[in-house]
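Peer 1: One letter stands for each residue in the lines below.
There are 2 protein chains.
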Amino acid sequence: MTVKTRHKATIYDIAQLAGNSPSTVSYALNGTWKQRRIKPETVEKIKKIASENGYQVNLQARNLRKATSGLLGMILPEHDTRFFAELSQAFALNVRQREACPAIVLSGRGSEGQIESTRSLISYNVDAIVIAGATDPLPLSRICREAKVPHVFVDHASPDAPSVTTDSTKGAQELTRAMFARADKLRLDPKSQTYFLGGDAYLPSTRERALGFTKAASAAHVPILDDRIITCGYSSDSAERALTELYDARGALPSLLFVNSIICFEGVVRFLAQLPEREIERCVLGCFDYDPFVPLMRFPVLMMRQRADLLISEAFAKLDSGSSEVSLSYVAPDLIFDRA
Amino acid sequence: MTVKTRHKATIYDIAQLAGNSPSTVSYALNGTWKQRRIKPETVEKIKKIASENGYQVNLQARNLRKATSGLLGMILPEHDTRFFAELSQAFALNVRQREACPAIVLSGRGSEGQIESTRSLISYNVDAIVIAGATDPLPLSRICREAKVPHVFVDHASPDAPSVTTDSTKGAQELTRAMFARADKLRLDPKSQTYFLGGDAYLPSTRERALGFTKAASAAHVPILDDRIITCGYSSDSAERALTELYDARGALPSLLFVNSIICFEGVVRFLAQLPEREIERCVLGCFDYDPFVPLMRFPVLMMRQRADLLISEAFAKLDSGSSEVSLSYVAPDLIFDRA
DNA sequence: ATGAAAGCGCTAACAA
DNA sequence: TTGTTAGCGCTTTCAT
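Protein chains in written order, with this note's numbering: chain X, 2 to 341; chain V, 2 to 341.
Check each hint, because a few of them may be wrong.
What the hints assert, rightly or not - Quick list of in silico lysine-lysine cross-link-like pairs, DSSO-like style, CA-CA up to 30 Å:
no., chain 1, residue 1, chain 2, residue 2
1, X, Lys48, V, Lys149
2, X, Lys9, V, Lys48
3, X, Lys149, V, Lys149
4, V, Lys149, X, Lys9
5, X, Lys67, V, Lys9
These aren't lab readings, by the way, just hints derived from the structure by calculation.
When you get a sec, could you build the whole thing from the sequences and use the hints?
Peer 2: Structure below.
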């Protein structure tokens with residue numbers, strides 16, 4: 002009874018084979034047959050024929066008709082850090098729980114690419130978009146708003162759309178406090194030897210972290226001068242270079258070093274690898290980011306791990322609320338430090 | 002001239018506004034107007050009106066009509082390792098170069114989820130599917146074949162479909178050889194103290210790596226008994242446990258330890274962290290996987306880095322060739338070792 | 001309990 | 001140089 006066609010089977014093919022009308026096949030196959038009072042035997046017959054012919058519903062057609070897509074879109078700069086990978090992992094998990102299909106676009110760090118990707122997702126009629134790490138949020142939210150597509154920003158917030166972000170200021174404050182406590186314990190004097198390394202000065206997340214860092218330092222009676230905050234970008238090379246310069250200028254490591262991202266931390270570790278251990282021991286290291294191998298290195302590092310899972314579930318909660326009003330939620334990161 | 006509607010603008014709306022027919026608008030907006038000899042002024046006018054009204058083409062409709070989707074699908078178990086993240090990164094890059102839209106589905110490690118995800122992608126009419134790390138390839142390739150969807154397996158090959166995979170056997174051989182060379186240099190005796198740790202015995206990739214390991218060991222006149230190959234799974238906890246047991250039983254580390262994955266290596270490092278350095282120095286460590294922080298730890302580790310970029314570009318080359326015949330390509334991994 | 005038919009937004013053959 | 005129209009595969013109202 003199996004029919005051979007060059008194209009994929011449609012409900013018309015199945016209808017032909019079953020001796021029923023296309024609408025009956027449609028009802029039988031999409032589960033709405035109960036309210037149409039289709040005879041169970043008919044349904045059984047149709048289902049059998051459908052599966053024998055490898056029928057798969059064409060969601061493009063269904064969703065065009067129903068004016069949805071069943072797609073949930075995510076815009077992400079890259080996958081080059083654990084954090085972004087965790088974000089997309091959490092996103093995919095939530096989407097699957099909703100029986101939708103994730104469309105994750107890695108759009109690069111450029112604003113242009115992110116705009117293009119957003120447009121592209123909208124053209125696919127995605128039901129909603131989660132935008133993570135937006136370089137320039139405003140044009141993105143404008144485009145989504147014009148297209149009436151529900152959207153939420155994660156990690157980098159937008160001033161004119163629902164957003165969820167890590168509480169960077171408080172997190173940085175907590176991390177810095179913990180670093181000072183450790184400096185105390187090691188009897189190091191952090192006065193005027195306390196540095197912040199990495200990130201871009203014009204990015205909100207960097208500014209917030211620097212703010213939290215400065216606050217906590219002030220509270221510990223360590224004023225932070227401008228030259229203590231070295232925003233050398235997000236590459237490991239530039240971080241390594243910046244730390245090298247700092248070391249050469251001072252003739253020693255700072256007693257307290259707050260590193261702004263895991264990528265920068267790679268550069269820091271590369272530099273430290275050349276130094277004798279007793280020098281590294283005289284420096285309290287903190288990183289506002291996480292990688293499972295860092296706690297296993299030869300020197301202790303205090304880390305702040307962002308909660309990708311909570312960020313995403315909060316983002317979905319916002320989408321579910323149906324409100325597109327501006328709002329900003331904070332998620333606290335976790336302090337990770339397992340050495341005495 | 003902007004019109005207010007509750008729904009998204011369509012070519013009919015634009016046609017109305019422009020005083021042209023929908024087909025003219027269609028041609029003007031999708032770039033095929035040159036061969037239709039539409040007047041450039043008309044095109045300009047239409048484009049202007051379209052952008053004023055925030056028109057975005059509905060790709061669902063376009064692709065339904067054209068019987069494509071412009072979507073390229075990828076099935077991936079998880080994002081929990083650099084390798085998988087790099088795979089999806091490379092995939093997304095290639096897809097964007099082709100001006101298509103990536104639909105990346107993280108389907109979990111279970112075969113069921115992978116089958117479901119494949120079905121789902123097919124229902125979206127994806128133009129092709131790249132399947133990475135398939136737990137059970139056969140049902141997946143059957144489903145794709147029945148639906149006539151071009152597909153390619155990456156990392157875990159399928160015996161009945163085009164596949165690209167890391168040359169695990171040769172890679173493991175090379176890694177093992179390098180480890181023996183290092184043992185030689187350190188004047189360690191690897192005889193009967195050479196172990197393989199991690200992975201699942203029933204997975205082809207683990208088997209191939211174990212094979213390469215065994216071959217290289219034999220070549221160095223070190224026969225590998227069955228109990229030297231400890232396939233404890235892919236979790237860091239089980240690897241830590243297995244190594245603990247081994248250590249307790251022997252009273253020392255093996256002189257040569259080949260670790261099968263980065264996740265297992267986390268467990269290994271957790272165990273090593275408790276040991277004095279001079280013990281670790283008496284053990285040559287190798288890992289068939291890569292993480293940027295590992296080369297920066299206190300002890301040297303030889304690593305094999307899989308080439309996600311090459312795997313993916315080779316996969317696309319297969320898709321481009323248009324052939325759906327069974328074929329298996331190998332990509333050599335890179336040996337990473339930067340210490341003396 | 002089921003069939004006929006309109007229409008989702010677009011493309012492309014056919015007309016003019 | 002442009003307009004008209006059929007149809008991609010599906011859902012759903014209306015009819016029977």
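Peer 1: Each of the hints needs a verdict: does it hold here or not?
Peer 2: So, going through the hints one by one against the coordinates:
| no. | hint | result |
| --- | --- | --- |
| 1 | X:Lys48 / V:Lys149 | 21 Å, holds |
| 2 | X:Lys9 / V:Lys48 | 36 Å, violated |
| 3 | X:Lys149 / V:Lys149 | 35 Å, violated |
| 4 | V:Lys149 / X:Lys9 | 8 Å, holds |
| 5 | X:Lys67 / V:Lys9 | 14 Å, holds |
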